[in-house]
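**Q** Sequence:
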Amino acid sequence: MNIASGDALFKGNCAQCHGIVEVIVGPALAGVRKRRPEKWLHAWVKNSSKLVASGDEYALKIYEQYDKQQMPSYNLSNEEISQILDYVESQEVRYVVSAIN
184 MNIASGDALF KGNCAQCHGI VEVIVGPALA GVRKRRPEKW LHAWVKNSSK
234 LVASGDEYAL KIYEQYDKQQ MPSYNLSNEE ISQILDYVES QEVRYVVSAI
284 N
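Residues are numbered in my numbering as their position in the sequence shown, beginning at 1, plus a constant of 183.
Think of the hints as simulated: they come from the structure by calculation, not from any bench. Heads up, a few of these hints could be off.
Claimed, not checked - Pairwise CB distance ranges, derived in the manner of DEER restraints:
1. E240 <-> R277: 29 to 35 Å
2. N185 <-> K244: 28 to 34 Å
3. R277 <-> I207: 16 to 22 Å
4. E221 <-> A187: 17 to 23 Å
5. A236 <-> A187: 31 to 37 Å
6. R218 <-> Q253: 14 to 20 Å
7. K251 <-> W223: 17 to 23 Å
8. Q248 <-> S188: 18 to 24 Å
9. I186 <-> L243: 29 to 35 Å
10. M184 <-> S232: 27 to 33 Å
To be verified - 20 Å max Cα-Cα, derived PhoX-like pairs, lysine-lysine:
11. K194 <-> K229
12. K244 <-> K229
13. K233 <-> K244
14. K233 <-> K251
15. K222 <-> K244
16. K251 <-> K229
We put the beta carbon where it would ideally sit given N, CA and C, even for glycine.
Kindly produce the complete structure, drawing on both the sequences and the hints.
**A** See below:
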């Protein structure tokens, strides 16, 4: 796990549209690994339009839910996407602890 790299990648590529627990332009990312397999998440980040065009049920649901707004494709490696997901998970824990306190 490389949280620092994931933090930088998240801020540089994701934060303008996604929050950890808040919806911005796209969905909040807390719990995303529980909603979809990692392989699917890699494919989505790299080319969400391709998943939508393939008829993927979950991709179509997101596409419809967010007013048919396509997420841009990112030229990130699977490792970089996993680092972003590690960062998101690390932040989920912070929000849970804050809510408890």
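**Q** Which of the listed hints are broken here?
**A** Result: hint 8 breaks, nothing else.
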